[in-house]
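**Q** Sequence:
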Amino acid sequence: LTTTTDGLWVLQVLSRTEVLAPELGLRPYLPSVETEQTVLNHPVAEELRSAAVINGHGDVDDILLEWLTVLSRRDVALLLDLRVPVPNERPDRVILARFAQWWVALERKGTTVRLTGIGVATSEKSATTLIGAQIQRVCGATHPASFRPVTLDTEDLLANVSDGDSLRSFLDKRRLDTDQVAVLSSAADTERSAHAGIVALQSGATRLIPTVEAGAVTLIDTAAGRLVSERVDGGGRTWMILSPGSEAAIAAAVQRMMRRLPARDAWHSHRKAI
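The numbering of the sequence shown is the numbering used here, which starts it at 1 and goes up by one.
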């Protein structure tokens, strides 16, 4: 289903779904003042009726209702935040949500939203494969950059790098080869590279808000190809590992991130307490 933020709000009210995907900054639903009759009088409701998304009584299509349920009752999710140097058709933000074994994607670009059922996964392997396919769909397929992986001390990087010149000086001091310096310099140039940050979320680990895994995975597309960056803690320090962004490398990095959630290796099947 492709609609607007208002259209999704209409479905939210009609399905009595109070919380959907707050990370996407959607129009809020206020149950105390927004009734079914209120939204059925909204102009977008007629568009939804014409598309058979809702019927004349305001009932939401059963499949869409299931997708909304997955989003509202999610156990875990991944949030993708895309930043591109030039406008394109890709969404700004995407959430991939799992409830039990069902997965749903909700994308937003401006006021346009797209809701899609993306499959069922009953094992870690199938869940990882499903997520990988969605990342490739959202970000597009491209070849991995060719360079030897680089590990950087995150604290040193933040303390010493503020612009392109300081980055080159920082990299030169670490005795990186020419290809490594060129690729990393290109990745840091936000006017010429596209970035997709991926964050893991788990509901129910704390009472009020989802648990957000601190170590995000980032895909970076440059003229030289795609890189994948991940954060690793070790030896009392935090490290940034940058590698060629092959599908296998991205899948492995995302799986490691998901395993750092409170559910650990059960992230693909863990159910939150109700």
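Mixed in with the good hints, there may be bad ones.
Label-pair ranges, simulated between beta-carbon atoms [stated by the list, open to error]:
1) 51 to 140: 23 to 31 Å
2) 192 to 265: 34 to 42 Å
3) 122 to 158: 14 to 22 Å
4) 190 to 266: 23 to 31 Å
For the record, the hints were derived by calculation from the structure and aren't laboratory data.
Every residue, glycine too, gets a C-beta built ideally from N, C-alpha and C.
**Q** Each hint needs a verdict: does it hold in this structure or not?
**A** Comparing the hints with the structure gives:
{"no.": "1", "hint": "51 to 140: 23 to 31 Å", "result": "holds, 28 Å"}
{"no.": "2", "hint": "192 to 265: 34 to 42 Å", "result": "holds, 38 Å"}
{"no.": "3", "hint": "122 to 158: 14 to 22 Å", "result": "violated, 41 Å"}
{"no.": "4", "hint": "190 to 266: 23 to 31 Å", "result": "violated, 37 Å"}
Checked against the numbered hints given earlier, the structure breaks hints 3, 4 and satisfies all the rest.
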